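Colleague: Assemble the whole structure, with the sequences as input and the hints as a guide.
These protein sequences, in sequence, are chains A and B. Per this note's numbering, residue 1 is the first one in the first sequence, and the count goes up by one each step. Per this note's numbering, residue 1 is the first one in the second sequence, and the count goes up by one each step.
Hints are computed from structural coordinates only; laboratory data are not their basis. Check the hints yourself; a few may be wrong.
[Claimed, not checked] Calculated pairs, DSSO-like style, for lysine-lysine (alpha carbon to alpha carbon, straight line, at most 30 Å): (1) LYS78/A to LYS41/B; (2) LYS20/B to LYS41/B; (3) LYS55/B to LYS14/B; (4) LYS55/B to LYS96/A; (5) LYS96/A to LYS70/A; (6) LYS55/B to LYS20/B; (7) LYS70/A to LYS41/B; (8) LYS96/A to LYS41/B; (9) LYS64/B to LYS14/B; (10) LYS41/B to LYS66/B; (11) LYS64/B to LYS41/B; (12) LYS96/A to LYS66/B; (13) LYS78/A to LYS96/A; (14) LYS55/A to LYS70/A; (15) LYS64/B to LYS20/B; (16) LYS14/B to LYS41/B; (17) LYS73/A to LYS41/B; (18) LYS96/A to LYS73/A; (19) LYS64/B to LYS96/A; (20) LYS55/B to LYS66/B; (21) LYS14/B to LYS66/B.
Here the structure is a predicted model, which is why all the values come from computation and not from measurement.
Given next are the chains, with one letter for each unit.
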Amino acid sequence: AQTVTQSQPEMSVQEAETVTLSCTYDTSENNYYLFWYKQPPSRQMILVIRQEAYKQQNATENRFSVNFQKAAKSFSLKISDSQLGDTAMYFCAFMKLTGNQFYFGTGTSLTVIP
Amino acid sequence: GAVVSQHPSRVICKSGTSVKIECRSLDFQATTMFWYRQFPKQSLMLMATSNEGSKATYEQGVEKDKFLINHASLTLSTLTVTSAHPEDSSFYICSASLTDRNTIYFGEGSWLTVV
Chain A
1 AQTVTQSQPE MSVQEAETVT LSCTYDTSEN NYYLFWYKQP PSRQMILVIR
51 QEAYKQQNAT ENRFSVNFQK AAKSFSLKIS DSQLGDTAMY FCAFMKLTGN
101 QFYFGTGTSL TVIP
Chain B
1 GAVVSQHPSR VICKSGTSVK IECRSLDFQA TTMFWYRQFP KQSLMLMATS
51 NEGSKATYEQ GVEKDKFLIN HASLTLSTLT VTSAHPEDSS FYICSASLTD
101 RNTIYFGEGS WLTVV
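Modeller: Okay, structure coming up:
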């Protein structure tokens, strides 16, 4: 079974500053995908960034980047130059290569303070 | 625009009745769709995998007779909550993927309130 753990239920950051959200996971799979999703108050799930486990290079997407440590099973999200629109719930998620079902962490509520 | 659409976005039903939620893939065919449930301020929990033309695969602890899933076409999966109870009130979200499996879309979600 796959488990995803987010140890920070709530976080806040000053606008324009940088914040890092933590995520750890447990799996016996060797190849898989990891994701960060953003869920604003509208509840729509929005993909932030994706990482393939077989790629050593950390994924980046504009202001968003990850620190993927496969041996430690850690997958943190760094948001640079935080903007008010970044305020949302952030979910870390795991997906096996052989299926498209997600296993989500418990989420981190991020508030960007003006 | 949305590539996976759910309907209705909000529904209120009486205890004991059944309610159906639709998940449609727009502009693409999805042999597999997934249904998730999200309680307030909690994470998304996978309920079941909906397979076109065959029976759904349910996660442990999910009552298959209560949450009926039908995937009759490549663009439509339905979740029917039977004999609804107030504890079934929740936010339900579906997802679908393109055949390359690398692109996954979520629906907008459906709020169910059972009174």
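Colleague: Would you mind marking each hint as holding or not holding in the structure?
Modeller: Going through the hints against the structure:
1. LYS78/A to LYS41/B: Holds: LYS78/A and LYS41/B sit about 22 Å apart, inside 30 Å.
2. LYS20/B to LYS41/B: holds (24 Å)
3. LYS55/B to LYS14/B: holds (28 Å)
4. LYS55/B to LYS96/A: holds (21 Å)
5. LYS96/A to LYS70/A: Holds. LYS96/A to LYS70/A sits at ~14 Å (cutoff 30 Å).
6. LYS55/B to LYS20/B: holds (17 Å)
7. LYS70/A to LYS41/B: holds (29 Å)
8. LYS96/A to LYS41/B: holds (25 Å)
9. LYS64/B to LYS14/B: The hint holds at about 21 Å.
10. LYS41/B to LYS66/B: holds (24 Å)
11. LYS64/B to LYS41/B: OK: LYS64/B and LYS41/B at ~25 Å, within 30 Å.
12. LYS96/A to LYS66/B: holds (27 Å)
13. LYS78/A to LYS96/A: Holds, because 23 Å separates the two Cα atoms, which is no more than 30 Å.
14. LYS55/A to LYS70/A: Holds - the C-alpha atoms of LYS70/A and LYS55/A are around 10 Å apart, at most 30 Å.
15. LYS64/B to LYS20/B: With Cα atoms ~14 Å apart, LYS64/B and LYS20/B stay inside 30 Å; holds.
16. LYS14/B to LYS41/B: With a Cα-Cα distance of about 24 Å, the restraint between LYS14/B and LYS41/B holds, given a limit of 30 Å.
17. LYS73/A to LYS41/B: At roughly 25 Å apart (the allowed maximum being 30 Å), LYS41/B and LYS73/A satisfy the hint.
18. LYS96/A to LYS73/A: Judged against 30 Å, a Cα distance of about 14 Å means the pair holds.
19. LYS64/B to LYS96/A: holds (24 Å)
20. LYS55/B to LYS66/B: holds (14 Å)
21. LYS14/B to LYS66/B: With Cα atoms ~15 Å apart, LYS14/B and LYS66/B stay inside 30 Å; holds.
Violated hints for the displayed structure: none, as all numbered hints are satisfied.
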